[in-house]
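S.K.: Spelled out from the first residue to the last, the chains are:
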Amino acid sequence: MTAPLHEETAADSAVVEPALKQAEKAIEGRSLGRIAWERLKRDKVALIGGSIVLLLVLVAIFAPVIAALTGQSPNERHEDLIDPLFSTPKGALGGISGDHLLGVEPVSGRDILTRIVYGARVSILVGFLSAFVAVIFGTILGTLAGYFGGWLDALISRVMDMLLAFPQLLFIISLISVMPNDLLGLSGTGVRLLVMILVIGFFGWPYIGRIVRGQVLSLREREYIEAARSLGAGRGYIIGKELLPNLVAPITVYMTLMIPTNILTEAALSFLGVGVKPPTASWGSMLSDAVSFYESDPMYMIIPGVAIFITVLAFNLFGDGVRDALDPKGTR
Amino acid sequence: MTSLRTSRRRLAALSAVAAATLLATTACGGGDSDSEGGGEYNAGVNKVANASNKKGGTLKFVGVQDADSWDTTRMYYGFVFDFSRYYSRQLVSYSPKPGKKSLDLQPDLATDNAQISEDGKVYKYTLKDGLKWEDGKPITSQDVKYGIERQWAQKTLSGGPTYIKDVLDPDGKWKGPYEDKGGFDGIKTPDKKTIEFHLPKPNGDFEQMLAMPTNSPVREDKDTKSKYTLHPFSSGPYKFKSYTPNKSLLLVRNKHWDRTNDPLRKALPDKIKVTLLTNPDERDKRLINGDADLDLNQRGMEVQGRQTALKQHKGNVDNPQTGFISYVAFPQSVKPFDNIHCRKAAIYGADHKSVQTARGGPTAGGELAVNMLPPTVPGHDVNDDQYGIRKNGGKANVAKAKEELKKCGKPGGFSTTLAVRNTDKADVKSAEALQASLKKVGIKVEIDEFDGAQGSSIVGNQATVKRKGYGMVLYGWGPDFPSGQGYGIELWHSSKIRDNGNNNYALIDDPKIDKGLEDAIAELDPDKAAEKYREVNKRVMAGGYYLPLTYLKVVQWRSDRLTNVYSADSFSGWYDFASLGVK
Numbered sequence: 001m002t003a004p005l006h007e008e009t010a011a012d013s014a015v016v017e018p019a020l021k022q023a024e025k026a027i028e029g030r031s032l033g034r035i036a037w038e039r040l041k042r043d044k045v046a047l048i049g050g051s052i053v054l055l056l057v058l059v060a061i062f063a064p065v066i067a068a069l070t071g072q073s074p075n076e077r078h079e080d081l082i083d084p085l086f087s088t089p090k091g092a093l094g095g096i097s098g099d100h101l102l103g104v105e106p107v108s109g110r111d112i113l114t115r116i117v118y119g120a121r122v123s124i125l126v127g128f129l130s131a132f133v134a135v136i137f138g139t140i141l142g143t144l145a146g147y148f149g150g151w152l153d154a155l156i157s158r159v160m161d162m163l164l165a166f167p168q169l170l171f172i173i174s175l176i177s178v179m180p181n182d183l184l185g186l187s188g189t190g191v192r193l194l195v196m197i198l199v200i201g202f203f204g205w206p207y208i209g210r211i212v213r214g215q216v217l218s219l220r221e222r223e224y225i226e227a228a229r230s231l232g233a234g235r236g237y238i239i240g241k242e243l244l245p246n247l248v249a250p251i252t253v254y255m256t257l258m259i260p261t262n263i264l265t266e267a268a269l270s271f272l273g274v275g276v277k278p279p280t281a282s283w284g285s286m287l288s289d290a291v292s293f294y295e296s297d298p299m300y301m302i303i304p305g306v307a308i309f310i311t312v313l314a315f316n317l318f319g320d321g322v323r324d325a326l327d328p329k330g331t332r
Numbered sequence: 001m002t003s004l005r006t007s008r009r010r011l012a013a014l015s016a017v018a019a020a021t022l023l024a025t026t027a028c029g030g031g032d033s034d035s036e037g038g039g040e041y042n043a044g045v046n047k048v049a050n051a052s053n054k055k056g057g058t059l060k061f062v063g064v065q066d067a068d069s070w071d072t073t074r075m076y077y078g079f080v081f082d083f084s085r086y087y088s089r090q091l092v093s094y095s096p097k098p099g100k101k102s103l104d105l106q107p108d109l110a111t112d113n114a115q116i117s118e119d120g121k122v123y124k125y126t127l128k129d130g131l132k133w134e135d136g137k138p139i140t141s142q143d144v145k146y147g148i149e150r151q152w153a154q155k156t157l158s159g160g161p162t163y164i165k166d167v168l169d170p171d172g173k174w175k176g177p178y179e180d181k182g183g184f185d186g187i188k189t190p191d192k193k194t195i196e197f198h199l200p201k202p203n204g205d206f207e208q209m210l211a212m213p214t215n216s217p218v219r220e221d222k223d224t225k226s227k228y229t230l231h232p233f234s235s236g237p238y239k240f241k242s243y244t245p246n247k248s249l250l251l252v253r254n255k256h257w258d259r260t261n262d263p264l265r266k267a268l269p270d271k272i273k274v275t276l277l278t279n280p281d282e283r284d285k286r287l288i289n290g291d292a293d294l295d296l297n298q299r300g301m302e303v304q305g306r307q308t309a310l311k312q313h314k315g316n317v318d319n320p321q322t323g324f325i326s327y328v329a330f331p332q333s334v335k336p337f338d339n340i341h342c343r344k345a346a347i348y349g350a351d352h353k354s355v356q357t358a359r360g361g362p363t364a365g366g367e368l369a370v371n372m373l374p375p376t377v378p379g380h381d382v383n384d385d386q387y388g389i390r391k392n393g394g395k396a397n398v399a400k401a402k403e404e405l406k407k408c409g410k411p412g413g414f415s416t417t418l419a420v421r422n423t424d425k426a427d428v429k430s431a432e433a434l435q436a437s438l439k440k441v442g443i444k445v446e447i448d449e450f451d452g453a454q455g456s457s458i459v460g461n462q463a464t465v466k467r468k469g470y471g472m473v474l475y476g477w478g479p480d481f482p483s484g485q486g487y488g489i490e491l492w493h494s495s496k497i498r499d500n501g502n503n504n505y506a507l508i509d510d511p512k513i514d515k516g517l518e519d520a521i522a523e524l525d526p527d528k529a530a531e532k533y534r535e536v537n538k539r540v541m542a543g544g545y546y547l548p549l550t551y552l553k554v555v556q557w558r559s560d561r562l563t564n565v566y567s568a569d570s571f572s573g574w575y576d577f578a579s580l581g582v583k
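These protein sequence lines map, in sequence, to chains A and B. For the first sequence, full-length UniProt numbering assigns the number 1 to the initial residue and increments by one for each residue that follows. For the second sequence, full-length UniProt numbering assigns the number 1 to the initial residue and increments by one for each residue that follows.
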């Protein structure tokens, strides 16, 4: 009796199979990442933010190429384009011309477009790397605190409280002013960048740490962890294979939201004169320079201001989108 | 009204005589002067703007920096020297004339300039009759002596220059008036009207030094030591009425001051009011709005104010030459600047034009400097251009720089650090300009900004300079008194190299320069002395110790109300405050 039945199926297979496959597909289990991606794709605002972020990263990476295309370099001075009496660019709108698409700096006549492009490198570099430092510290310490609890949790939590109350901007300013000019084979701007990345990252980790600790606290009581434990899984296995994958979502969200804050901190430090060193271009130091010329050459203040504004806004919109996509229960 | 007359002359030059007369008559008839009131651009440079003898009114200063001290012994800021003549008098003082003529010393408390002995070692003065303190008591030669002796009390009264002390008591044998009541025997007062100075060796600038307000009389019973700054007892035309540090100061007339025995001070206003702010942009706004007449600190307007002033109120602007120079010193303790060719490479490689633009162009930044002696100091020689700075139009001489680099043994260039004070924006901009131009010849410059207020313990500290590798120090300098000695001895003489608080950043230790300076100092004839300082300066430049950048100019605001305004070389090209009046 089985044979005919089998034959029947085989004979019909040509017709039935596509339909079946379709059915299979419809009920296929989708990964968290995939669900999130589907949701993110529907969020237009986040997509726009995301593409601006992508564009900025590309601009930062290919800064020399862009400079070469425009035929300018960020540190070349064009004093012939400066009115010697007022130190401001000749021509309207801060000296905007075919050669200098965003005009030139007052005093030195350096091309603003290439300086903005090179400035993006500093912003993106500090923004990303310091967020990365914060994530590494925050994840490790947050997991330890949440998983082991007891005195270790108490210790780490108090340290986090302390760091959150610490006047970090003032601390960085004083730290940078006592830093030597040469450190770990770096010099000048290199040292400043390293210090900024490490210190901004160091003061950022408690934000990640608290989230991770809270997550771990609730996850470690779940049945699947109990099950793993009762099957004899070691601590390392549980943390690495069972807990961490579930932490990826919140960490990603907070990291994307942390980057714009870091970019702002870098701009503030450069504005205060303790960021990158001249002649390295940075949006913050451009703004600081522009203060003296806000009446006579407002374009010079508007351009880096707009650059910072767009970048921070794009990162925030994208970050919000990522959060909504990963955590649909979360209310906005 | 004088300003109207000035503008009338200008109009006459532009249009027909008849039309000008008509216009001027109308203006006078109208009796107000809103658009013409300020006078002309540079009306107060090398001439007197709005000459007038009208007394009364309140003269209003605005500033962003209080005096280092109002105590005549302790003050060192240029504007404070200038201002102190309102409430202090000296044996001799500067002529109330514009420009170079101000340098001519005139008797002030004294009846005449010094009677100098044959050997140049004794200076004798007799005081005028009828000199009085603010309480009506007579000013005696003992008061003058006591005021000068306070210089010895450096433990209590630090901060001021000590030229007289160093000349009269070079080994510092006397302990000062607070520790030794006996008085210093190098200054003699045979009677109440006579004072004599006995110098161990002649010094051609001695009278210039005496003219500094540091050597004003102080009455012993009014000496409140470290509190003297709060109310210096007046010997001049005005006295302190009220003073709140960093906020305000009000001077009123000293009714015991007698106009007839003081031809050097016009003392026209009834009151002198000083308002102190913190923000220089606000200061400039107040000046432009007419809330104040002039800047107390006299360092010139900020970028923003400068633009508004030059665009909309050019007639209220003076652009005088100051006695200050902006320069870079090469500390020889930092390699490779121990090698003269490396220093010369940096001098040739520097683009002066670019630095000038960075400082605000020829107007705000000043002329390109070709050597270290500024234009207000006798002996200045614009033709001493050993590095062809002006000949080259201020551009860097790349070929020469590369040649010197080869001779120095660094054909590929080298790296160094340039120290610049973060308190002076124009300095920082100049540093960036230098960085860019030196990069083109292969000298890689790292800029290190330091707190300007800490200068003497950072760039003035030899150990710090070496540790931080400051091969270049960008700084500004002006004469303490207008002579080669008052300008150059601190910068060039080997005896002035100190471990801390050093000003000879380049660490010049050249016996020929030392000898040249000493000879010039001993020269009593000012013209011959100027010639000797010129030679010393030449030698300093030949040694490549310094890279002169610009001879600084300032954009100075002069309000419509101000009368008798002129910039005086005696005060580094700033206005002579004592002559000012208001309409």
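It is worth saying that the hints were derived from the structure and are not from the lab. None of the values given here were measured: they were computed from a predicted structure. Positions of the beta carbon are idealized from the N, C-alpha and C atoms, including for glycine. A couple of the hints might just be wrong.
Looking from chain A toward chain B, a few residues come up when the C-beta cut is under 8 Å (computed) [unchecked claim]:
id: 1; residue: E38
id: 2; residue: G50
id: 3; residue: G71
id: 4; residue: S73
id: 5; residue: N75
id: 6; residue: R77
id: 7; residue: E79
id: 8; residue: P84
id: 9; residue: S87
id: 10; residue: L183
id: 11; residue: L184
id: 12; residue: G188
id: 13; residue: T252
id: 14; residue: F271
id: 15; residue: S288
id: 16; residue: M299
S.K.: Does each hint hold? Answer for all of them.
M.R.: For each hint, the structure was consulted:
Residue-level restraint check for A:E38 is violated (minimum Cβ-Cβ distance to chain B is 51 Å; threshold 8 Å). For A:G50, the interface hint is violated, since its Cβ never comes within 8 Å of a Cβ in chain B; the closest pair sits about 37 Å apart. The restraint placing A:G71 at the interface with chain B is violated, with a minimum CB-CB distance near 18 Å, outside the 8 Å limit. Hint on A:S73 is violated. Least Cβ distance to chain B is approximately 11 Å, over the 8 Å limit.
The closest approach between the C-beta of A:N75 and any C-beta of chain B is roughly 6 Å, which is under the 8 Å cut-off, so the hint is satisfied. Because the beta carbon of A:R77 sits about 5 Å from the nearest beta carbon in chain B, less than 8 Å, this interface hint is met. About 5 Å separates the beta-carbon of A:E79 from the nearest beta-carbon of chain B, less than 8 Å, and the hint is met. Interface hint status for A:P84: upheld, as the beta-carbon distance to the closest one in chain B is roughly 3 Å, under 8 Å.
Interface hint at A:S87: satisfied, since its Cβ lies 5 Å from the closest Cβ of chain B, which is below the 8 Å cut-off. Because the closest C-beta pair between A:L183 and chain B is about 13 Å apart, greater than 8 Å, the hint is violated. Evaluation of the A:L184 hint against chain B yields a violated restraint, the C-beta minimum of about 16 Å exceeding 8 Å. A distance limit of 8 Å between C-beta atoms decides the matter here; for A:G188 the minimum to chain B is near 5 Å, and the interface restraint holds.
For A:T252, the suggested interface contact is broken, since its CB lies about 39 Å from the closest CB of chain B, more than 8 Å. Because the beta carbon of A:F271 sits about 13 Å from the nearest beta carbon in chain B, more than 8 Å, this interface hint is broken. For A:S288, the shortest C-beta to C-beta distance to chain B is roughly 10 Å, which exceeds 8 Å, and the interface hint is violated. Annotation: A:M299 was flagged as interfacial toward chain B, and the flag is violated, the nearest CB pair being 15 Å apart, outside 8 Å.
Figure legend: structure checked against the earlier numbered hints; hints not met, in rising order: 1, 2, 3, 4, 10, 11, 13, 14, 15, 16.
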